[in-house]
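Asks: Sequence:
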Amino acid sequence: MHRCLHSNEFGCAVRCPGGCCLHVYFGNVALALKPHEMRPWLDTVDNLYQGHALAAADEPDLRRISLRSPVDNLTLLFSLNELVWLSDLLTSAHLLLEVERILATAGEKEE
Numbered sequence: 001m002h003r004c005l006h007s008n009e010f011g012c013a014v015r016c017p018g019g020c021c022l023h024v025y026f027g028n029v030a031l032a033l034k035p036h037e038m039r040p041w042l043d044t045v046d047n048l049y050q051g052h053a054l055a056a057a058d059e060p061d062l063r064r065i066s067l068r069s070p071v072d073n074l075t076l077l078f079s080l081n082e083l084v085w086l087s088d089l090l091t092s093a094h095l096l097l098e099v100e101r102i103l104a105t106a107g108e109k110e111e
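Position 65, counted from 1, in the sequence shown is what the numbering used here calls 65; the numbers after and before it change by one each time, with no gaps.
Hints in this document: simulated from the structure, not taken from any laboratory. Built from N, CA and C at the ideal position, the CB exists for glycine as well.
Distance ranges between label pairs, derived from CB positions:
#1 4 - 108: 19 to 27 Å
#2 70 - 108: 30 to 38 Å
#3 53 - 29: 16 to 24 Å
#4 69 - 96: 22 to 30 Å
#5 18 - 62: 37 to 45 Å
#6 58 - 16: 38 to 46 Å
Put together the whole structure using the sequences plus the hints.
Replies: Now the structure itself:
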């Protein structure tokens with residue numbers, strides 16, 4: 001069964017049943033991230049926000065922030081508000097996964 005780690009107005013972050021990846025649903029896009037891919041995505045979204053927040057602040061709902069994908073001929077467009085919600089999804093899911101990892105490690109040490 002899928003377990004929702006975090007949701008907001010823009011989408012949700014769900015752990016797959018096998019625990020191998022995290023499914024992030026936002027807008028009309030679904031993204032499956034392996035554990036080692038989470039941090040780079042989070043950093044990319046944060047860098048986009050830092051680079052565009054001031055310029056996009058006057059029209060926060062206008063989709064003018066582009067995120068190039070790792071595949072050719074695909075670019076995702078975001079408004080500033082959408083980028084904030086995506087950052088919230090990724091950050092919250094990342095923190096919850098990190099807490100789970102720490103608790104699992106602590107539980108193994110106690111045994």
